[in-house]
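K.L.:
Those sequence lines, one after another, are chains V and A.
The working numbering numbers the first residue of the first sequence as 27 and each following residue consecutively.
The working numbering numbers the first residue of the second sequence as 27 and each following residue consecutively.
Treat the hints with care, since some could be wrong.
No copy labels: a pair is met if it fits in one copy or bridges any two.
Distance condition first, Cα-Cα at most 25 Å in a straight line; then the derived DSS-like pairs of lysine-lysine [unchecked claim]:
hint, residue 1, residue 2
1, K209, K122
2, K122, K316
3, K95, K122
4, K323, K209
5, K316, K276
6, K323, K95
7, K323, K122
The set of hints was computed from the structure by calculation and includes no laboratory data.
Protein chains: 2
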Amino acid sequence: MKLATLRNGTRDGALALVSADLRACLPVADIAPTMQAALDDWGRAEPLLRARADDLAAGRIAGSPFDPKGCLSPLPRAYEWVDGSAYLNHVRLVRKARNAEPPATLETDPLVYQGGSGVLLGPTDDIPLVDPAWGLDFESEVAVILGDTPRGTRAGDAAPYVRLVMLVNDVTLRNLIPDELAKGFGFFCSKPASAFSPVAVTPDELGEAWRNGRVHLRLRSVYNGALAGDTEAGAEMHFSFYDLIGHITKTRAYTAGTILGSGTVSNVSRARGISCLAEQRTIETIDTGKPVTPFMKAGDTIAIEMLDAQGRSVFGRIEQTVAAQ
Amino acid sequence: MKLATLRNGTRDGALALVSADLRACLPVADIAPTMQAALDDWGRAEPLLRARADDLAAGRIAGSPFDPKGCLSPLPRAYEWVDGSAYLNHVRLVRKARNAEPPATLETDPLVYQGGSGVLLGPTDDIPLVDPAWGLDFESEVAVILGDTPRGTRAGDAAPYVRLVMLVNDVTLRNLIPDELAKGFGFFCSKPASAFSPVAVTPDELGEAWRNGRVHLRLRSVYNGALAGDTEAGAEMHFSFYDLIGHITKTRAYTAGTILGSGTVSNVSRARGISCLAEQRTIETIDTGKPVTPFMKAGDTIAIEMLDAQGRSVFGRIEQTVAAQ
């Protein structure tokens, strides 16, 4: 089942079903007016949504054309946005770029940060660029939306809490990071609003590609029209989404609608390319002594998409342009 | 105007007006079913709420007895919980306790962290204690609830975005902090769910005590029945709430219902006492070479309250017991 949130002039938009081929959509206000309302009452809403999705797929109900430009983020605002950093190659590269050591517990204790979740960008919203000196970067990631998840959930018991899967562009202001982390309280201003894919899908929609809390598909990042990365999101995700759930529930519980991110998808093989410019710049520094690729500037475009084994877009495309403010 | 959220079996509770003396309350579902709904539509809701509050105060409408035990947090879940650390004496003491230096920009660049906001504790909810070795501590703070606040808001323009003021117990697991901060991503597991006062009040309700984005009243922390702190929340708040808004809006905007905290209220004068056990332990270390006061254990109680110049409780009392889990 695929779900989207359509713009309707309200803060939280209108929940809609989307066909598997992303061609048709169908508002479902009679089942749940918003994505959050569906998640808050998933036990009731899910079977109704699935039945309606079957009707849409079978042609028993006609949808209208689906246009990602008419989408807000699946959750235009969320009660939490927790982002991991589960691809260790990314951690190693990015820390090298800022002359910081990876933590000693890199392989055993997941890195996560709490991001701002009250204002999230839609899949085709511009990325605001206030000051080019801040070092604007994209980060292509996978994320899940959780149902109500109790404190003390173990990784082995976490599967039922994953309601939906989607993509994220975790927008980052690289040059604000060093001073901010030096203060000791983690990221804040360096992580402005992130953008999410047009569609969020139930894990079963991914078929065999959803295994052990990982999405075993490739994540394509197209920067200014050129393929920058075609990274494999499954094998090198050191901590699965289940592992991340086991970590974040150590001391507290989560409400339905909490978004949990994978961190930047990153592969050791350079042939796979990159999912953020910081990695590209680090590779250039290793090879030539200094970074060559600049950070993003006004007018730049970034497209992020995941294709299934048959080459069909699973979540639709995050497709953003950097806009000077 | 004073507002509370009453338990009604739903996730977000029922919005109610509370009389100035905290004796009577009046549900206002016809104006806005929940606190978030009122904040989302404040321009419409505020005058209606104020008119109803006038009716309650004048006895034209009868309220029912107000019982803080029947309260959820004013926002049982919020879209963001951003906590500052605006009392520099606290930063200096707590960093000393963990042998960490205050940041070089302590006096010019506010410290803030992004906390979890999806599950917030009510004013009389137990504080869960999973493992006493985690070092459970309270932190008595003031917080404001923001309306929609644009990116780039300057401190001098921030006043209109402060909708409500309340108190917080920012529960902290001290012994989880060093390892967590060593990873470089800030607090996460070390900051479990925080608890909020029974009542949130509009700034005008504070009269002359609300000046320059600070609450000039004393915050009382009573630990296991003994007065631990009677700290002045105004004068030593180095960064006002307006300054904090100016900082947090540097790179992003905030949705209505965002909670912004002051950080632990702390005074240089030892005579004022403490608003968290970590400060007490640091003072003991300075004086005697080692901390004497243990962190919180099962059965401990903490009460947090602010009195006005006439000695009347402004926000009601946070009154929690530590419960082993």
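K.L.:
The structure should be examined with respect to each hint, and the outcome stated for every one.
P.N.:
Going down the list of hints, with the structure as the test:
Taking the shortest Cα distances, K209 and K122 sit within 25 Å of each other both inside one copy (19 Å) and across copies (15 Å). In this homomeric assembly, K122 and K316 come within 25 Å of each other (Cα to Cα) only inside a single copy, at 12 Å, whereas the closest approach across copies is 38 Å. In this assembly of identical chains, K95 and K122 lie within 25 Å of each other by CA distance neither inside one copy nor across copies; the values are 37 Å within and 52 Å between. When the C-alpha separation of K323 and K209 is checked against a cutoff of 25 Å, the pair qualifies neither within a copy, at 27 Å, nor between copies, at 31 Å.
When the C-alpha separation of K316 and K276 is checked against a cutoff of 25 Å, the pair qualifies neither within a copy, at 41 Å, nor between copies, at 29 Å. In this homomeric assembly, K323 and K95 come within 25 Å of each other (Cα to Cα) only inside a single copy, at 22 Å, whereas the closest approach across copies is 53 Å. With identical chains, the CA atoms of K323 and K122 are at most 25 Å apart within one copy only, with a shortest distance of 24 Å there and 42 Å across copies.
When the structure is compared with the earlier hints, violations turn up for hints 3, 4, 5 and for no others.
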